[in-house]
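Please model the entire structure based on the sequences and the hints provided.
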Amino acid sequence: MFEVIEQFESDAVIKVIGVGGGGGNAVQHMVTQSIEGVQFIAANTDAQALRRNGADVAVQLGGEITKGLGAGANPEIGRLAAEENREEIQRYLDGADMVFIAAGMGGGTGTGAAPIVAEIAKEMGVLTVAVVTKPFPFEGKKRMESADAGIAELAQHVDSLITIPNEKLLKVLGRGTSLLDAFGAANNVLLGAVQGIAELITRPGLINVDFADVQTVMREMGTAMMGTGIASGEDRAQEAAEMAINSPLLEDIDLSGARGVLVNVTAGMDMSMDEFDTVGETVRAFASDNATVIIGAVIDVEMSDEMRVTVVATGLGAERKPDIALVEPRKTEATGMRSSGSVSQPYSGSSSAAPKLEPESEVEEPMVQTGTQSQPRKEQNFLDIPAFLRRQAD
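Heads up: the sequence shown is residues 11 to 404, going by this note's numbering.
Don't take each hint at face value.
List time: in silico DSSO-like cross-link candidates among lysine-lysine, alpha-carbon distance up to 30 Å [to be verified]:
| # | residue 1 | residue 2 |
| --- | --- | --- |
| 1 | 77 | 132 |
| 2 | 151 | 77 |
| 3 | 151 | 178 |
| 4 | 181 | 151 |
| 5 | 152 | 181 |
| 6 | 178 | 152 |
| 7 | 77 | 152 |
No lab work stands behind these hints: they were computed from the structure.
Written out as C-alpha cells, the structure is:
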C-alpha cells in the first residue's frame, strides 16, 4: 500500500556568518542582493557596526573583553572574544547543514575570531567553507603578515578555503579606482562565491544539484578558488565560461590539479541545452580527468539576455589525486535534504549517457580518519630504515 507524503522536510539549511568588520560588510552586501534560502549572521566585537548591519542575527563578541569597542587590530583579542561567546555562536549555527564564513583577514576580529567560528562549526559536523580576503598592498606589511597567519590557522578548521587576494582586484580595477569601489569589488567577489554555491542548492533549476553533490566536491578539500563570468549575446555561454576560468583571481593557480570542480550556470528562461553543453565542454578542457565535476543550471526569470557562470575549483595543490568519481542517481525521499526530480552527475561532455570511466592510475589506499581531517596512510619512508638494513637490502 502506498503512503502519501503530504510535505517534505525543509531544504538543506545554509547559514552565512560574517566575522569582523570586513565579514560584516560582506554579509550586509549579500543581504541587499536577496540571496534565497540563506540565513545571515553578523558577529563582531564592534557594537556600533553590529547595530548598522541588516543581518538576520547579530552576535556581539567579547562584550566583557572589548566593551563593544572592537579588537583594536589585535587578533589575540579577536580570538578571546570569540571564545567568550563560544556557546552563543554554537547556538546560532545549530541546525545548519552548511556554513559559509566570510571575513576580511588582517585585522583583529576577523583574523582572530574566524578560526574559532570555523572550529565550532567543524566540531558540529557542519560542512564549513570560508571565503576570505587578503589586504590590499596599501594596507601595509604588518596587516598582510597578520592575514597570512590567520589564514593558516583558519585552514586547519574548514573543509574548503577560498582566499581572495585584493591585490589581484587592483589589476582589474586599475590603480585609479576609488577606495570605496575597491572594497565594493571585494564584497562582490565574496557575494559571487557564496551566491554561486548556495543557489545550486536553494533554487530550482534545469539541472538540479543537491546538497550531497556539493559535499562531494567541497568536503575536506582544502584550498579552493573561484571565478565568475557574465556575458550576453549569441556567444554568451562560451564567453561567460572562459571569463570565469580566466578570472584574474585564478591567476597563478593550476586548475588542472583540482580534485573537484563545481559549476553554476545561471540564466533566464531562454537558456538552451546547447549553451549548457558549451559551458561543460569549456570547463572540461581544463579540468583533470581525475576531478569530480558537478555542473548545475539555475533559472533566474529576472535575467534576460545575460548568462552567469561561476566556477569553484577545490582541492588545489593536494598531493593525493583521487579516482574518478561519479555522482550516482538518487531516489527522491522524504529527508532533511533537498530532493529533486532530476538526476545530478558530473558533466561528461555532450553525450547524454554517463560514460564508463576508469582511473588512469592504481587505486590509492583509503583515507584514514584522524580527528576532523582525513589523511592518507603513510608508507614507511626509506630513510627511516636503519642504515645497516638499507645496506643489506642493497
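Evaluation of the provided hints:
| no. | hint | in the structure |
| --- | --- | --- |
| 1 | 77 x 132 | holds, 28 Å |
| 2 | 151 x 77 | holds, 29 Å |
| 3 | 151 x 178 | holds, 16 Å |
| 4 | 181 x 151 | holds, 19 Å |
| 5 | 152 x 181 | holds, 22 Å |
| 6 | 178 x 152 | holds, 19 Å |
| 7 | 77 x 152 | holds, 25 Å |
Of the numbered hints stated above, none is contradicted by the structure.
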